[in-house]
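Same order as they appear, the protein sequences are chains A and B.
Under my numbering, think of the first position of the first sequence as 78, with each following residue one higher.
Under my numbering, think of the first position of the second sequence as 3, with each following residue one higher.
Derived from the structure by calculation, the hints contain no laboratory data.
Possibly wrong hints are sitting among the right ones.
[What the hints assert, rightly or not] When the alpha-carbon atoms are kept at most 25 Å apart in a straight line, the in silico SDA-like pairs for lysine to any residue are as follows: (1) B:K102 x A:L191; (2) B:K102 x A:Q162; (3) B:K54 x B:T28; (4) B:K79 x B:Q47.
[Unchecked claim] Under 8 Å between C-beta atoms, here's a sample of chain B residues computed to sit facing chain A: (5) E44; (6) G45; (7) F91; (8) S95.
We put the CB at the ideal spot given by N, CA and C, even for glycine.
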Amino acid sequence: NAGVTQTPKFQVLKTGQSMTLQCAQDMNHNSMYWYRQDPGMGLRLIYYSASEGTTDKGEVPNGYNVSRLNKREFSLRLESAAPSQTSVYFCASSEPGLSQETQYFGPGTRLLVL
Amino acid sequence: GNSVTQMEGPVTLSEEAFLTINCTYTATGYPSLFWYVQYPGEGLQLLLKATKADDKGSNKGFEATYRKETTSFHLEKGSVQVSDSAVYFCALSDRTGGFKTIFGAGTRLFVKA
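Isolated chain A, as found in the complex (with noise of 0.2 Å):
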């Protein structure tokens, strides 16, 4: 059982250059999620699915998409690297309505736009 795995773990893009954050959860969870962890900011929604067939913005979508590619999977887009995305991605899967919502997390991807 491995829980949300994201990959990859590291990665350094050129401004202007696109790239996918892969995350998989494996714990039959319907509802998942990418946020963004900036210093001092501490963690923010960038979008959400809160079942499969369905994504929703967050607080901060700009410039990202997503794609719940199954139960399982949920992909983070960016089209266009800017530096102002340089930062530390974590995906989370959680059941609604049960556990409270307790949130699951990854183990992060961490970003680096130059």
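Mind docking chain B on chain A? Use the hints.
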């Protein structure tokens, strides 16, 4: 809207000292409250939670009590260890917020031997 405010860090303590990290919240409904911990280089993991007023969450020697009258959920530990060095996040989840979790900014704790 919902929000969480926690004390700024870093907090530096000596081993065996008493720890308090303050957390207050604003919520329109009846939220569940959480403390998450992030060890260096890792993702967040649940430390403890409380789902209704006067509940006490506890785990690994840490405790927090859901105080509705003061809208607070302060984290305490009687005797910290070097291994407790981490970043601690207070958070809330509210049905009226679509069960999205709102996190505080985090408080970094350093424990010296």
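Can you name, in rising order, the numbers of the hints this structure does not satisfy?
-> Hint 1 is the one this structure does not satisfy, whereas the remaining hints hold.
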